[in-house]
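Below, each chain spelled out in residue letters.
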Amino acid sequence: MTRVMAHIAMVMNLDKCIGCHTCSVTCKQAWTNRSGMEYVWFNNVETRPGLGYPRRYQDQEKWKGGWELDRKGRLTLKSGGRLRRLLSIFANPIMPSIHDYYEPWTYDYENLTSAPLSADTPVAPPRSLISNEPMAVRWSANWDDDLGGGPALASRDPVVERIGDRVRLDFENAFMFYLPRICEHCINPACVAACPSGAMYKRSEDGIVLVDQDRCRGWRMCVTGCPYKKVYFNHKTGKAEKCTFCYPRVEVGLPTVCSETCVGRLRYLGVILYDADRVTEAASVPDDRDLYEAQLSLFLDPRDPEVAEAAARSGIPDDWMAAARRSPIHDLIMKYRIALPLHPEYRTMPMVWYVPPLSPVVDALAGSGHDGEDAGNLFGAIETLRIPVEYLAELFTAGDPAPVTASLRRLAAMRAHMRRINLGEEPDPSIGARAGLTRDDIDGMYRLLALARYDERYVIPTAYAAQPGSVEEIGCSLDYDGGPGMTGPFGEASGQPVPVAIENFHSLKQRQTSEGVTHERVNLLNWDGKGVPKGMFPEKEDR
Amino acid sequence: MSWTEIAFWVVAPYLTLVILVGGLMWRHRYDKFGWTTRSSELYESRLLRIGSPLFHFGLLFVILGHVFGLVIPESWTGAVGMSESLYHVIALVVGGVAGVCTLAGIALLIYRRRTRGPVFMATTRNDKMMYVVLVAAILAGLMTTLLSAAFQAHDYRQTVSPWFRGIFVLQPDAGAMIRAPWTFKLHTLVGMLLIALFPFTRLVHAFAAPVGYLFRPYVVYRSRGAGDHPAVRAPRPGWDR
Chain R
1 MTRVMAHIAM VMNLDKCIGC HTCSVTCKQA WTNRSGMEYV WFNNVETRPG LGYPRRYQDQ
61 EKWKGGWELD RKGRLTLKSG GRLRRLLSIF ANPIMPSIHD YYEPWTYDYE NLTSAPLSAD
121 TPVAPPRSLI SNEPMAVRWS ANWDDDLGGG PALASRDPVV ERIGDRVRLD FENAFMFYLP
181 RICEHCINPA CVAACPSGAM YKRSEDGIVL VDQDRCRGWR MCVTGCPYKK VYFNHKTGKA
241 EKCTFCYPRV EVGLPTVCSE TCVGRLRYLG VILYDADRVT EAASVPDDRD LYEAQLSLFL
301 DPRDPEVAEA AARSGIPDDW MAAARRSPIH DLIMKYRIAL PLHPEYRTMP MVWYVPPLSP
361 VVDALAGSGH DGEDAGNLFG AIETLRIPVE YLAELFTAGD PAPVTASLRR LAAMRAHMRR
421 INLGEEPDPS IGARAGLTRD DIDGMYRLLA LARYDERYVI PTAYAAQPGS VEEIGCSLDY
481 DGGPGMTGPF GEASGQPVPV AIENFHSLKQ RQTSEGVTHE RVNLLNWDGK GVPKGMFPEK
541 EDR
Chain S
1 MSWTEIAFWV VAPYLTLVIL VGGLMWRHRY DKFGWTTRSS ELYESRLLRI GSPLFHFGLL
61 FVILGHVFGL VIPESWTGAV GMSESLYHVI ALVVGGVAGV CTLAGIALLI YRRRTRGPVF
121 MATTRNDKMM YVVLVAAILA GLMTTLLSAA FQAHDYRQTV SPWFRGIFVL QPDAGAMIRA
181 PWTFKLHTLV GMLLIALFPF TRLVHAFAAP VGYLFRPYVV YRSRGAGDHP AVRAPRPGWD
241 R
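If you read the sequences in order, they're chains R and S.
In terms of full-length UniProt numbering, the first sequence opens at residue 1 and continues consecutively.
In terms of full-length UniProt numbering, the second sequence opens at residue 1 and continues consecutively.
Among the hints, erroneous ones may be present.
[Said to hold, decoys possible] Simulated pairs of lysine-lysine, DSBU-like, Cα-Cα distance not exceeding 30 angstroms:
{"hint": "1", "chain 1": "S", "residue 1": "LYS128", "chain 2": "R", "residue 2": "LYS534"}
{"hint": "2", "chain 1": "R", "residue 1": "LYS335", "chain 2": "R", "residue 2": "LYS28"}
{"hint": "3", "chain 1": "R", "residue 1": "LYS62", "chain 2": "R", "residue 2": "LYS72"}
{"hint": "4", "chain 1": "R", "residue 1": "LYS335", "chain 2": "R", "residue 2": "LYS16"}
{"hint": "5", "chain 1": "R", "residue 1": "LYS534", "chain 2": "R", "residue 2": "LYS236"}
{"hint": "6", "chain 1": "R", "residue 1": "LYS72", "chain 2": "R", "residue 2": "LYS16"}
{"hint": "7", "chain 1": "R", "residue 1": "LYS64", "chain 2": "R", "residue 2": "LYS335"}
{"hint": "8", "chain 1": "R", "residue 1": "LYS236", "chain 2": "S", "residue 2": "LYS32"}
{"hint": "9", "chain 1": "R", "residue 1": "LYS236", "chain 2": "S", "residue 2": "LYS185"}
{"hint": "10", "chain 1": "R", "residue 1": "LYS28", "chain 2": "S", "residue 2": "LYS128"}
{"hint": "11", "chain 1": "R", "residue 1": "LYS28", "chain 2": "R", "residue 2": "LYS72"}
{"hint": "12", "chain 1": "S", "residue 1": "LYS185", "chain 2": "S", "residue 2": "LYS32"}
[Unchecked claim] Per label pair, the in silico range of CB-to-CB distance:
{"hint": "13", "chain 1": "S", "residue 1": "GLY212", "chain 2": "R", "residue 2": "ALA366", "range": "44 to 52 angstroms"}
{"hint": "14", "chain 1": "R", "residue 1": "LYS62", "chain 2": "S", "residue 2": "PHE207", "range": "29 to 37 angstroms"}
{"hint": "15", "chain 1": "S", "residue 1": "PRO73", "chain 2": "R", "residue 2": "GLU61", "range": "51 to 59 angstroms"}
{"hint": "16", "chain 1": "R", "residue 1": "ASP146", "chain 2": "S", "residue 2": "GLY212", "range": "13 to 21 angstroms"}
{"hint": "17", "chain 1": "S", "residue 1": "GLY212", "chain 2": "R", "residue 2": "ARG71", "range": "48 to 56 angstroms"}
{"hint": "18", "chain 1": "S", "residue 1": "PHE207", "chain 2": "R", "residue 2": "HIS99", "range": "50 to 58 angstroms"}
{"hint": "19", "chain 1": "S", "residue 1": "ALA104", "chain 2": "R", "residue 2": "LYS62", "range": "49 to 57 angstroms"}
{"hint": "20", "chain 1": "R", "residue 1": "ALA136", "chain 2": "S", "residue 2": "ALA150", "range": "48 to 56 angstroms"}
{"hint": "21", "chain 1": "S", "residue 1": "GLY212", "chain 2": "R", "residue 2": "HIS99", "range": "28 to 36 angstroms"}
{"hint": "22", "chain 1": "R", "residue 1": "GLY399", "chain 2": "S", "residue 2": "ILE50", "range": "34 to 42 angstroms"}
{"hint": "23", "chain 1": "S", "residue 1": "THR123", "chain 2": "R", "residue 2": "GLU293", "range": "34 to 42 angstroms"}
I should point out that these hints are in silico values taken from the structure, not numbers from a laboratory.
Just so it is clear, CB atoms sit at the ideal spot from N, CA and C, and this is done for glycine as well.
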């Protein structure tokens, strides 16, 4: 009998991403605004074609992330088996250095007020947060945003390199799109498999991949193991940290911070059921191009009575089954088949999927003077505009253009169909039929993708049965001793970690409730983000 | 036997053991979060890639040599036909090479730590103190090896080893230890200090050696924890909601 597991997954509709980085910023503010984490972006938005973050992370011949099949066809970590991992434990030979990300910096603001009188306006020179030395800012997390740096940078995109020379000049006019990335919370996570301490784990209830901070010993193998380079090393605490899928929010039925704050409303969250016993089998299919289909074959239909029965036996609660039946994720991936996984060839079975962008095609049509929303033009353009499709196929289907084309055709059919309705023309059933869609399908897709109502985008069951109204986010409980800035006996990296939410809560409260004005001066350059130095906020008044 | 001799060779070893075991238990209970290698590879990896394996693999052989020399009685190696002089040649060569590797490794690591700005900035006072004791222990150990190579070889398996084994059967033979030359005494004393420091310095990461990795399934699943509540950590003393 199948062992059914539930997974909370995400789908992003790339057509709607405007590259505003709101998700990255709100995520950083919520999770990684601490010392040691300056360079860490649990969520980042990359311009494609581009280098990505860290630079060229997709070049697995260099970084050795993910899995591969050994000579006998068995799944092994690309960076080597268990023994080889342990033998390289004293100096991980394939870990990105801080320069592959970027050297974080701050500005010496004190210079603005303390510079001697001169004819020039004083500036705040940049200083490295790693070495405290003055530095020239040369790179950061999205330096090549909007194709900044031009073809010189974009042609070094590993995906472009794989497609070949001929696109290098062409794509520049043809297309560009944004790719927001978080941890993929893979079904077959290579980071978890690479962790020597067993500190990383996949939660059996909702599939979220987490790092146990008390068990992590800082061996850094997860950083190598993850092909998406979404596990980061906190250089202050010496521990790995990664996207938590905002589990404190998801547990109480709230969407993740990146989803909640997305102005384009392009993120979807929901439950999807999968067959846990067949994961290894699906991840070991010989041909990379079969991995997309293999992963699809893992997913189970929650409306199927047999699946429901197996799910009940596997201990999946009824409200989770109800959520699975309403799940936008299941619809986008399985029903409409428009969402695709990111780099299935890494064999990690990622669980953050993407609806490929049709806009590059529409733009190219409009740019050449054609009607970009006419069904005939669109269908034809998807076939002829080979380069965007090839590029998308390298990202989403290990190079197989068929699923990408099919997905784009459905999006095109929806667009053309809805335009006829908007213009008051007769709906043409042949448009949908050419992409294999019924009228109901198109209406459903339109509702989900275009209207994108909040309660249809996010269908998140709570993690536990509870009385209505009693479920709250845990963020600001004060169940720890010391207070912000508390450190252990061996400096700031020891003792109990202070929850981020509590650090923020205290500093905000202090800032908002004090009335006086401080006259002390704080040199922000020398502040490492821990605790509250004297003079940063006005004195607390005794009441 | 003078009181210092009793303090050094009877009291100190047990004190060391108590501090080591008690310290590890305390650190495990109180400071699991601080139990890490505190790697600086992110800042600098070229020197680390040479120095760290040199030091650590050298050290593993040094530890193996210590086990061989201290735990296995001379009569056993004699019984399998290994003569005293042969044993000494092996111990000298293996121990010498491993010791020199270890010393070269730590020298490179300390050089890196001092000269690479970000690495030096991440070095605590605790680390510096630890390095002094660690280097002292390695130097004293190498000295015993090299001196016995250059001059009269001392058969420490007649003196240090019986004393060491005696500790664990609660009969430390201080008399045997007293007969050892001063170099061995120095190395033993610094060694005990180093062992006592383990739980309180970054050396504690040695006790996190991930041997279990070889035997566990690749992907670890863990339950959120049953119950009608959000995922929580164990309650800690302090304020309550």
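Hints and how they fare:
1. S/LYS128 - R/LYS534: Holds, at roughly 28 angstroms.
2. R/LYS335 - R/LYS28: 34 angstroms, violated
3. R/LYS62 - R/LYS72: Roughly 23 angstroms separates the two Cα atoms, so the pair holds.
4. R/LYS335 - R/LYS16: 21 angstroms, holds
5. R/LYS534 - R/LYS236: 22 angstroms, holds
6. R/LYS72 - R/LYS16: 43 angstroms, violated
7. R/LYS64 - R/LYS335: It is violated: about 34 angstroms lies between the C-alpha atoms, which goes past 30 angstroms.
8. R/LYS236 - S/LYS32: 15 angstroms, holds
9. R/LYS236 - S/LYS185: 39 angstroms, violated
10. R/LYS28 - S/LYS128: The given pair, whose Cα atoms are some 34 angstroms apart, is violated under the 30 angstroms limit.
11. R/LYS28 - R/LYS72: 43 angstroms, violated
12. S/LYS185 - S/LYS32: It is violated: about 35 angstroms lies between the C-alpha atoms, which goes past 30 angstroms.
13. S/GLY212 - R/ALA366: 44 to 52 angstroms: Distance hint for S/GLY212, R/ALA366 is violated at roughly 59 angstroms.
14. R/LYS62 - S/PHE207: 29 to 37 angstroms: The hint (29 to 37 angstroms, Cβ to Cβ) holds, given that R/LYS62 and S/PHE207 are roughly 34 angstroms apart.
15. S/PRO73 - R/GLU61: 51 to 59 angstroms: Taking Cβ atoms as reference, S/PRO73 and R/GLU61 lie about 53 angstroms apart, which means the hint holds.
16. R/ASP146 - S/GLY212: 13 to 21 angstroms: This hint is violated: roughly 47 angstroms between Cβ atoms.
17. S/GLY212 - R/ARG71: 48 to 56 angstroms: 27 angstroms, violated
18. S/PHE207 - R/HIS99: 50 to 58 angstroms: 33 angstroms, violated
19. S/ALA104 - R/LYS62: 49 to 57 angstroms: Cβ of S/ALA104 to Cβ of R/LYS62: about 30 angstroms, so the range 49 to 57 angstroms is violated.
20. R/ALA136 - S/ALA150: 48 to 56 angstroms: 54 angstroms, holds
21. S/GLY212 - R/HIS99: 28 to 36 angstroms: Since the Cβ atoms of S/GLY212 and R/HIS99 sit about 34 angstroms apart, the hinted range of 28 to 36 angstroms holds.
22. R/GLY399 - S/ILE50: 34 to 42 angstroms: About 39 angstroms separates the Cβ atoms of R/GLY399 and S/ILE50, which means 34 to 42 angstroms holds.
23. S/THR123 - R/GLU293: 34 to 42 angstroms: 52 angstroms, violated
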